[in-house]
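With chain A held as given, fit chain B onto it using these hints.
Protein chains in written order, with our numbering: chain A, 1 to 496; chain B, 1 to 496.
A pair holds if it fits inside one copy or across any two, identical chains being indistinguishable in the list.
Quick list of in silico lysine-lysine cross-link-like pairs, BS3-like style, CA-CA up to 25 Å:
| hint | residue 1 | residue 2 |
| --- | --- | --- |
| 1 | K67 | K79 |
| 2 | K94 | K49 |
| 3 | K148 | K67 |
| 4 | K351 | K74 |
| 5 | K415 | K199 |
| 6 | K453 | K218 |
| 7 | K77 | K67 |
| 8 | K332 | K77 |
| 9 | K67 | K332 |
| 10 | K317 | K351 |
| 11 | K49 | K93 |
| 12 | K351 | K77 |
| 13 | K385 | K332 |
| 14 | K351 | K79 |
| 15 | K199 | K184 |
Since the hints were made in silico from the structure, they are not lab data.
In case you want the letters, here they are:
Number of protein chains: 2
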Amino acid sequence: MAKDPTTTKKNAKKHEENIGITVKKSEDVAEWYQQVCLRGELAEYAPVKGCMIIKPNGYAIWEGIQKFFDAIIKQHKVKNVYFPLFIPESFFKKEAQHAQGFSPEVAWIANKEDEYDKERLAIRPTSETIMYDAFSRWIRSWRDLPVKINQWCNVVRWETEATKLFLRSREFLWQEGHCAYETKEEAEEETLAYLQEYKRVCEELLAFPVIAGRKTDKEKFAGAVYTTTVEALMPDGKALQCGTSHLLSQGFAKSFGISFLGRNEQQQMPWQISWGISTRLIGATVLMHSDDSGLILPPRVAPVKAMIVPIIFEESKKAVVERCYDVADVLKNAGINVEVDAREEYSSGWKYNQYEMLGVPLRIEIGPKDLEKDQVVLVRRDTRKKDFVKVKDLKESVEKTLEQMHHDLFSKAKKFLDENVVSVKKFDELVKAVEEKKLAKALWCGATECEEKIKDKTAGVNARVLPFEDNKSKPHGECVLCGKDAMNVVVFGRSY
Amino acid sequence: MAKDPTTTKKNAKKHEENIGITVKKSEDVAEWYQQVCLRGELAEYAPVKGCMIIKPNGYAIWEGIQKFFDAIIKQHKVKNVYFPLFIPESFFKKEAQHAQGFSPEVAWIANKEDEYDKERLAIRPTSETIMYDAFSRWIRSWRDLPVKINQWCNVVRWETEATKLFLRSREFLWQEGHCAYETKEEAEEETLAYLQEYKRVCEELLAFPVIAGRKTDKEKFAGAVYTTTVEALMPDGKALQCGTSHLLSQGFAKSFGISFLGRNEQQQMPWQISWGISTRLIGATVLMHSDDSGLILPPRVAPVKAMIVPIIFEESKKAVVERCYDVADVLKNAGINVEVDAREEYSSGWKYNQYEMLGVPLRIEIGPKDLEKDQVVLVRRDTRKKDFVKVKDLKESVEKTLEQMHHDLFSKAKKFLDENVVSVKKFDELVKAVEEKKLAKALWCGATECEEKIKDKTAGVNARVLPFEDNKSKPHGECVLCGKDAMNVVVFGRSY
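Chain A with its partners taken away, still in its complex shape:
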């Protein structure tokens, strides 16, 4: 007799262990997000407060981001390096703004001070200082420029607010690029070039749109002349900074004594920039696309593109499972990474739920009837749309469906962003927009005082970005708060 394991008692029990997400995204994003991360097996809280363990499913996304972005920076002739985790305290003191910005978050190592004339060692929160000390030795002549280096590493910032997996933790993984150029023009051009590449990571790999622009002086990187940013809007109406690129100009060069003999035979200082993205992008991706059944991974970054699940009946089991592995081989040979789950101790229903929770973009179901018809059932994770596909057309169909899914996820996120950035003229409109979980695009006089007042009056609404496309020229109109002549168009919002 045909036995569908989903109906057996043993498997019904197993089925119960397959706990779903217990809150809706629309009701409690924070709790929903945590459950999606935990049950999607991306990460978990570490026994060390404020830290996280990145599990295989989560780390594979980071590997995807690394692979994509590392290839890009190598095209830009950036070389990877590794600098020490430890930074002498005196280095931080050299650039005053930088020191002031980072000191509250720095962790220090203990009991080793004596060896360093009582100098403490910081655990790197970022590597400008230790790298630029090296730059002062490396850069002698214009022939040594540009210097373009990057490192993929861990950094530590002793956050005091509650940890959020990927979004805020005391240690995280990132890349930090550091470049020095002969001219200001090159430095400014490249500040934008790497920001543009971050936009590509978000849009072309992770399938969500971002607003590119500048930060206000208040929000810029400690030690930068200006910071450019790509900001995304999360489903709860909060903005998330997804990548930043800083024009450091010559401030660090001055502090660290970096100079070179120019083409004009004059001693001069290089122009510097730095730029970074982090494991925070994993959090953004999860927040943006996932649903009440769990994780939805955008196909291009998903390590496993499709999970093949046999529908097992005793008499056709052997042939069906064989077909699953044959299909897997065909797809793997075409460079599409797929897996087969032919375990008999779990029902196919349990597996469907499980791989939805884990965010695998496609499911391929194969049962005895499909075998007869030389077809498979192809199910998209995001829409759950089912297609019956002939085995001979499968490779093409999988490729097409994955690409379509990428574009659909992006379009959906783009529509959400477009609908939730609203232009406001008056302060009360700004407040209302943010209350409605939107971003408010407003005119601003350029005074930090107004920016701070807005933040105070709203308990946290801040200037996220001065979008490039809205600030090509000085706007006409009045500051949303003080009514004075406006200098910039700013997107205000709450943020992570």
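Chain B in isolation, oriented as in the chain A frame:
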């Protein structure tokens, strides 16, 4: 008039800046090694004592090792993860031997104890404890096994001896693999499997042979039942541990409360192993192959396989440089990474010296006469052998020469190893062999006391490895020190 830049005053001056290695490998290996690393631009000493800065040339080798080995472990179904840098002190205390072995080298973070009920946080020297705490949550049933994870990360061990670039530093990069299995047999099998893969890294990628075997109890990893190792012999007669794999057995499982419901419905403990290689392998590679002109990189790990240098005369400059880029395109399209150095401010002679110092495996010289004859001059870094190769045959010739170079480097290193491991029967022979900068293969009774006495009497000669191939059965003979019945064949030597 034709102008060879090597003869101009400006370039003669440049030429002087191209400082060579000032000591011979045969005369002072330590100083020679340091110069090769520094002038080969692999790494430099950091301003933080005991730490190093890995520069682009050095990091590219690490990327080569990562790429090679990461593909291997993924075939073994190992998944990459990331665990926190910080480990609570109480975790170390759980496994007594482990704690004892690592505590002298642990660095702690300062001023954050209060938050942890006065518990200190260690900066990871290795991650067994924090990972196995997670294993105790992850492993419930035999269905959860095996667990096979790995992380590529930095570790800190507060060494008190003098730093040697790559070979000994307070922070280094490594991978640490950690697996848990249902049975002891699997665990033992896999301990050997990963060691075998380390042998492949050394031999197939880095072109030097190793002796695979077990460590003595005295030299094993703190917390392991036994440690297996691959040991290489360096040109100064010292052994270098290149990779280790540990059978941890059930000790950590017991300490961390890791257990699972077995197939027999009984609660039981998993069998664990861990395994690691580090940036030390870069040091081994440098020491092994390089010569008095600088670095020699084995071709398979060299990031740039060939440097193309135009011989520039004013009237043929354009055509020669064009040909260089054409040749580069042909090779790049064949997947061979090459570069062109067409800078006119440096002479070709200066460039030859420079790329020899940087260890680029092949040099391709192209001058006006070569252009006429549709040929290039192909020069091997190791032998300096010159070949005239027709442009149409270049791709094939480069591929063949690179492979030949790999095999020749390996053969040379293998011959050196074979000639410098000598079998000894008496203690004075052992002393003499080590004085002659060889490794001494001797019989040993198995008593730690004898091992320690040998170390004391020789000021540091230690048991490096019990080679598998010599220890397939109990040897016949007497311990090299005490004369009692021998249990093992041991390779003794000085070590890094």
